[in-house]
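Engineer: Chain order of the listed sequences is V and X.
Quick note: the first sequence uses this note's numbering, first residue 1, plus one each step.
Quick note: the second sequence uses this note's numbering, first residue 1, plus one each step.
Calculated from the structure, these hints are not laboratory results.
Misleading hints may appear alongside valid ones.
All copies of an identical chain are treated as equivalent in the list; a pair is satisfied when it fits inside any one copy or across any two copies.
[Claimed, not checked] Distance condition first, Cα-Cα at most 20 Å in a straight line; then the derived DMTMM-like pairs of lysine to aspartate or glutamate: (1) K109 x E193; (2) K147 x E343; (3) K312 x E144; (4) K346 x D168; (5) K312 x D69; (6) K91 x D342; (7) K204 x E283; (8) K81 x E9; (9) K228 x D102; (10) K109 x D234; (11) K129 x D279; (12) K109 x D231; (13) K109 x E280; (14) K81 x E291; (15) K8 x D32; (16) K160 x E103; (17) K91 x E283; (18) K228 x E299; (19) K344 x E295; (20) K109 x E9; (21) K160 x D234; (22) K84 x E283; (23) K109 x D265; (24) K91 x E210; (25) K94 x D83.
2 protein chains.
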Amino acid sequence: MALDNRKKEVLQAIVDDYVANCEPVGSKALIDRHDFMVSSATLRNDMAELEQMGYLEKPHTSAGRIPSDKGYREYVDSLMKVDKLSDEEGKEIKEKLSVSFDEIASLLKAASSALADQTGYISLAMTPKLTSSYLTQLKMLMIEPGKVLVVVVLSAGVVKNRMVRIPDFLTQDQVAQIGNAVEQGLSGLPLSEISLITVATAAKGNQKVELPDALLNQVLYEAYTAIKQADNLDVYMQGKHRMLSLPEFSDTKRAQGLFDTLSHDGLVAGYVDEVTKQDEKKEYMIRIGQEITLEGLDECSFITTTYNVGGKVAGNIGVIGPKRMEYSKVISQINFVRMMIDEKLKQP
Amino acid sequence: MALDNRKKEVLQAIVDDYVANCEPVGSKALIDRHDFMVSSATLRNDMAELEQMGYLEKPHTSAGRIPSDKGYREYVDSLMKVDKLSDEEGKEIKEKLSVSFDEIASLLKAASSALADQTGYISLAMTPKLTSSYLTQLKMLMIEPGKVLVVVVLSAGVVKNRMVRIPDFLTQDQVAQIGNAVEQGLSGLPLSEISLITVATAAKGNQKVELPDALLNQVLYEAYTAIKQADNLDVYMQGKHRMLSLPEFSDTKRAQGLFDTLSHDGLVAGYVDEVTKQDEKKEYMIRIGQEITLEGLDECSFITTTYNVGGKVAGNIGVIGPKRMEYSKVISQINFVRMMIDEKLKQP
DNA sequence: GTTTAGCACTCTATCTCTCTGAGTGCTAAA
DNA sequence: TTTAGCACTCAGAGAGATAGAGTGCTAAAC
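Let's have the full structure, built from the sequences with the hints guiding it.
Structural biologist: As structure tokens, this is what we get:
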């Protein structure tokens, strides 16, 4: 049985009201707040049917209705209208991202912070997935004898560095040369194809320094770990504490379950990855309540979207909020931030 | 009126019991759990006096007593015995910090993580206060035309980098030369004495590249911002979510107040700084309940201590937990972690 | 067939009342 | 100074009672 027009309106109104007040919506209240041209009894019939079809739930017999996960799903899929961000709000976000960012990490940090402030929920920003990106530069900088800073620059604009230890007696020149050799041999190679072996052959094919093999291998191993480490995703998450002010998390147990999960960056990042793959074609990904396979997030909704770096490599930003979230607003906010990121990263 | 021996014992027993159970302690329960050789009536008299002197409080007339801030203070100042860490626990911490850390940031991250795991409370680790440290190296690395990575190395072992934008047409050599000139002119200079002017004079006194003044100034300005940015304290904080399982934070409002404050790294860092100055001579700093001037932390206690880098520059690590904290255990844990850090950073 | 008025019914939240028990403070004796 | 004894206090738990929001159903109206 499909939803007739009035039922759609009723569902939409109930979601809207519940989002606003976090209180079960009754037929009377619905009539009061909206211009239905029918009586409350009619709405009651509609609501009973909507419940039977699984779109609504009752906390108990004599309460109003609240949307089920399926109800929210219908709402975001076909009922809500995503309105454009108000000029004012767009301006606010723009301002927060207006500082010049020449490193992707700072941009993402700012984006996550803006998103958290603007939505009032938990924001998320992840560095680009690097497996598909490639090495553009590798510099080895001697900080003091025996200590070398390996700077790895990736095509996605990601810069990472790692301090490594090498034998004391190597000179800055020798180390820099090895770095150059590796860089020449590997630049342009996708990260996924870089292994200890490729590093070694690259270096040995290009370098001019005469060094015993064992020694050279030691340095190369450190360079390799530095490159591999650059592969790690960074996750920026902000605004967690705001969830505590929501009525759905007034129960500490629930909040704890949520925070426990969120404290594992890796879990969240992995989940975002998975969802992104599932909804590859879509502009944004939404997961509602039980649809989320992360523990402790069954009272939440999760919205993510993908930004692009130079049209190729992509990372994610997103928002985690209560199921009772202002979906259309959050979506437009996320979209706006994504556009801003895309724009800033388009310049080569 | 000073505390006689039995009163001290009573206070100590009450703190111990309350720490263990988070329930007001009555005279009867006290007799049951401890070997006082007197009757409950005698203890009642003692407890009444302790209350009058401000060491104990009553939640209401017919409940047991709980320690007041003053009571906790007396406890940590003269009653508790700081026991040595168990070998087992020492081993666990050692293990967590056993990876080789050649960058101070990673070491602190690991330390904070170990401290949070081990205490079950909120841990804190801050990079060294850098004002007293000095610049040892400054490298400028061209990533692509117009984009330069400025790597700043400070005496405290802190390495920071910042991507900056410069005019497109400058070459790697030119940029590197400017970097060298700045480094030569400034190395050894305390950060506090580095200003845009000192940077400029340093560079102009040492550099050989012929560049129009305006252009040079632009590059120098970027180098200067990079140096100044290296000055920022980094704060690593972990284990916040654990507080939600404590009965004192079962009220979400309270938890929210705490988290609100803790989400401002700067506030916390500033406070730690202040406290450290006040208790300069002490091995560790303790602030209890209302003694803490940060909003939302009046149900908490704050313990910090100072680690050293090469005997000179110093940073802080610490723990935030409920007033009802296992003080002696936490103190020995913090001390142990500090010793580990000191040791790892002693090697030049 | 759809809509509506009317009404009995259900269930939570709230309030009040009572009871219980842990714990106190005080008094008087040891 | 310590102790036994006892009256007193108060939070918390449990039991009704009540109010009110909301429901579902029936029968009439459109």
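Engineer: When the hints from earlier in the document are held up against this structure, which numbers fail?
Structural biologist: 1, 5, 7, 13, 14, 17, 18, 19, 20, 24
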